[in-house]
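A.B. asks: Please build the complete structure, drawing on both the sequences and the hints.
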Amino acid sequence: VLIDGENSVPKARQDELAVLAQGEELLAENNQLSRTLTAAVDRLVAKADHEITASGLEAAVVQRYGTGVVLGS
571 VLIDGENSVP KARQDELAVL AQGEELLAEN NQLSRTLTAA VDRLVAKADH
621 EITASGLEAA VVQRYGTGVV LGS
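Numbered continuously in this note's numbering, the sequence shown closes out at residue 643.
Simulated from the structure, these hints should not be mistaken for laboratory data. Some hints could be false.
Unchecked claim - Beta-carbon label-pair distances, calculated as ranges:
hint, residue 1, residue 2, range
1, 623, 583, 57 to 63 Å
2, 640, 600, 57 to 63 Å
3, 593, 616, 33 to 39 Å
4, 622, 601, 29 to 35 Å
Every residue, glycine too, gets a C-beta built ideally from N, C-alpha and C.
C.D. replies: Structure (structure tokens):
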């Protein structure tokens with residue numbers, strides 16, 4: 571019983587090794603997905619920072635223009 575069949579020690583060890591291998595594959599996949607997500611978030615943050623900076627510059631131009639119009643009138 572312990573050396574043959576579905577409940578044998580070798581079968582249990584084989585199952586254990588299969589589970590460990592699957593766990594390692596899942597960890598590797600999770601690691602890759604984490605890196606991909608981090609890169610995507612980094613790109614979004616960089617784009618948002620750029621847009622915020624551009625909006626700030628545009629607001630400053632509009633403010634200067636508005637001040638010029640008010641003072642010129």
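A.B. asks: Each hint: holds or not?
C.D. replies: Hint check:
no.	hint	result
1	623 - 583: 57 to 63 Å	holds (60 Å)
2	640 - 600: 57 to 63 Å	holds (58 Å)
3	593 - 616: 33 to 39 Å	holds (35 Å)
4	622 - 601: 29 to 35 Å	holds (31 Å)
Checked against the numbered hints above, the structure breaks none of them.
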